[in-house]
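2 protein chains.
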Amino acid sequence: MPPRTTRVVCLVRRPDGEPALGDFAVEERPLAPLSEGQLLVRNLYMSVDPSMRGRLESTEKHYTHNFAPGSPLDGRALGVVVESRCPTVPPGTFLRHQLGWREWAVLDAADTDAAGRIDPQLAPLPTWLGLLGQTGFTAYVGLTRIAEVRPGDTVFVSAAAGAVGSAAGQFARLLGAERVIGTAGGPDKCALLVKEFGYDAAADYRAEPVRDALARLAPDGIDVYFDNVGGEQLAAALHALRTGGRVALCGMMSQFGGERRSTDINQLIQAVLKRLTLRGFIVRDHDDLRPEFESRVADWLRSGRITARETVTDGLDSAAGALLALLDGGNVGKMLVRLADDPYSRA
Amino acid sequence: MPPRTTRVVCLVRRPDGEPALGDFAVEERPLAPLSEGQLLVRNLYMSVDPSMRGRLESTEKHYTHNFAPGSPLDGRALGVVVESRCPTVPPGTFLRHQLGWREWAVLDAADTDAAGRIDPQLAPLPTWLGLLGQTGFTAYVGLTRIAEVRPGDTVFVSAAAGAVGSAAGQFARLLGAERVIGTAGGPDKCALLVKEFGYDAAADYRAEPVRDALARLAPDGIDVYFDNVGGEQLAAALHALRTGGRVALCGMMSQFGGERRSTDINQLIQAVLKRLTLRGFIVRDHDDLRPEFESRVADWLRSGRITARETVTDGLDSAAGALLALLDGGNVGKMLVRLADDPYSRA
Chain A
1 MPPRTTRVVC
11 LVRRPDGEPA
21 LGDFAVEERP
31 LAPLSEGQLL
41 VRNLYMSVDP
51 SMRGRLESTE
61 KHYTHNFAPG
71 SPLDGRALGV
81 VVESRCPTVP
91 PGTFLRHQLG
101 WREWAVLDAA
111 DTDAAGRIDP
121 QLAPLPTWLG
131 LLGQTGFTAY
141 VGLTRIAEVR
151 PGDTVFVSAA
161 AGAVGSAAGQ
171 FARLLGAERV
181 IGTAGGPDKC
191 ALLVKEFGYD
201 AAADYRAEPV
211 RDALARLAPD
221 GIDVYFDNVG
231 GEQLAAALHA
241 LRTGGRVALC
251 GMMSQFGGER
261 RSTDINQLIQ
271 AVLKRLTLRG
281 FIVRDHDDLR
291 PEFESRVADW
301 LRSGRITARE
311 TVTDGLDSAA
321 GALLALLDGG
331 NVGKMLVRLA
341 DDPYSRA
Chain B
1 MPPRTTRVVC
11 LVRRPDGEPA
21 LGDFAVEERP
31 LAPLSEGQLL
41 VRNLYMSVDP
51 SMRGRLESTE
61 KHYTHNFAPG
71 SPLDGRALGV
81 VVESRCPTVP
91 PGTFLRHQLG
101 WREWAVLDAA
111 DTDAAGRIDP
121 QLAPLPTWLG
131 LLGQTGFTAY
141 VGLTRIAEVR
151 PGDTVFVSAA
161 AGAVGSAAGQ
171 FARLLGAERV
181 IGTAGGPDKC
191 ALLVKEFGYD
201 AAADYRAEPV
211 RDALARLAPD
221 GIDVYFDNVG
231 GEQLAAALHA
241 LRTGGRVALC
251 GMMSQFGGER
261 RSTDINQLIQ
271 AVLKRLTLRG
281 FIVRDHDDLR
291 PEFESRVADW
301 LRSGRITARE
311 TVTDGLDSAA
321 GALLALLDGG
331 NVGKMLVRLA
341 DDPYSRA
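Protein sequence lines correspond, in order, to chains A and B.
Just so you know, the first sequence maps onto residues 1 to 347 in the UniProt record's numbering.
Just so you know, the second sequence maps onto residues 1 to 347 in the UniProt record's numbering.
One should not assume that every hint holds.
All copies of an identical chain are treated as equivalent in the list; a pair is satisfied when it fits inside any one copy or across any two copies.
Claimed, not checked - Using 20 Å as the maximum straight-line C-alpha spacing, the simulated DMTMM-like pairs for lysine to aspartate or glutamate come out as follows: (1) K274 / E57; (2) K274 / D220; (3) K195 / E178; (4) K274 / D341; (5) K274 / D287; (6) K274 / D285; (7) K195 / E18; (8) K274 / D328.
No wet-lab data here; the hints were simulated from the structure.
Quick caveat: nothing in here was measured; it's all calculated off a predicted structure.
This is chain A alone, in the form it adopts within the complex (with noise of 0.2 Å):
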């Protein structure tokens, strides 16, 4: 039998300042009866996205809904067909969705189009929200078409071993990039970047001011930064930029929370003396490089030339703890909550 219910995270309030496990609630919701055309799925693993943090906020939306008080979060996430009002999407098949945030999903499979479906014999199912996902085609867009990477740049990421950041590295350098330096908190996640993610060098922000780091990383200066945080490192790689630069701006976590970090805007001069771009972007306006961006990595991941790396944790009563554990820069690569037992999992 069917569940009538599934367990949700919902938003209990908003945050004060920085988010608290006391503003998230796991509730019990009803699942609808499948209408026709409808699909029920058992969510199998869910992403925790940076993004997810201004969705929090009540101010004004550009791209996507805020969550409401009182209301589930919703999210990316992989799950498995348990029952299907569509004839086309039969039950065991795997796809991709944005209704994770809880253990099961009612979903209309017009909404979970050909890109949904995945094979999970062609990866290992968490790779398909992470450098197969919107996290590796983030990476992927803002290096090929944002900040148009081209052999022989050299190429500074921050936040270089979160999800973005990781993957970021390693397209980087098969782009045909140079040099590729990244910056992390702490040095164990530095060590990682060079052993793990193809880095030539790491910095630890907690330790050096950035500017300080890519004038002896970089003395020659940078070609892309590739930009997660905003804030003081955005102004140094202002600084490091040579001239006809290009800046990929693709989140800018130091935006949010008690130690916002002021910069002044106006090293934006260095954008006029140097001729920089700054571009900001949103991946789903891309889509276009999708079937290239698949191929591709795809085919590095088969040729063993990237390294897929996710922080898992277990169950959806962990699920707000890793959204803070992330905000708090917690995870090394793509950070996941597993629902239920993998059965392509080969640990």
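Using the hints, position chain B against chain A.
The following block gives chain B in isolation, referenced to the frame of chain A:
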């Protein structure tokens, strides 16, 4: 007999904070006898440019040399050849060159290529340093290539009564902008924006926060921001820009001087949320656009669709004061110094 010396404006010392008259002095310097291929030019007008402010500092330079204490300043000027040792550039030729801030200049004819020569019958001499000079070209490149103004756009220009700003407003309208909004300091300049420079609306940045003014004058947002000042106005524009908006970064005067207001660089989060593109530029990278620019602007001038407006002071002794006045916002349109009688003056 040609002169053996010329009066020049020298930098006495680097300014300590705001530049002051005592930082400059008019001195007499020898003029070398002409070598083969050289020209002796009587300067008639010289350009006073905001970009000189940065060249007074000792900080790193990216696209031109900084001024040195004890040495003459230089800058765009327009003069007439009085003596020539180059057969293809006879006496009587009018040309633009880089050796302003002096009454006479000895130039290599090779440095005054075809682009340097001007036809004084086509437009008044001051216009060749203003709307038809680097000033107008800067506005044109910024609007067409950097910000890619399209028909129907709402365009916002800061320092809109200045040389570049008064050109940008007029050009934007002729390039198809539906609504053009400018900021300036004080009610008189704001009135001029609407009366003379074709702006639909003007806001006095001294009287009202620019963010409030934009909310009032462009309630649906703006598509393009032509930035001449940086700082608070840039931050306000980032808020007002619509999704996909474009910013041409061209100046950032606010980054100099005592009242340098720090504005949080994290405002750039707007660039992510709204997929904005910010591009700094230096006009001389875009010389391929010059023929198109000259033909269109000459046509607009001939047909009376744009207004050339200059603020002119007289004599080399007035030059340092003209620069200080410019930096203090004391000019409307192009700031020039007249160094000798203008044979084509209609006054």
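Checked hints:
1. K274 / E57: between (35 Å within a copy, 17 Å between copies)
2. K274 / D220: within (14 Å within a copy, 32 Å between copies)
3. K195 / E178: Answer is within; shortest intra-copy Cα gap is 17 Å, inter-copy 55 Å.
4. K274 / D341: neither (52 Å within a copy, 39 Å between copies)
5. K274 / D287: between (31 Å within a copy, 17 Å between copies)
6. K274 / D285: between (28 Å within a copy, 11 Å between copies)
7. K195 / E18: Neither: 32 Å inside a chain and 51 Å across chains, both beyond 20 Å.
8. K274 / D328: neither (34 Å within a copy, 26 Å between copies)
Checked against the numbered hints above, the structure violates hints 4, 7 and 8; every other hint is satisfied.
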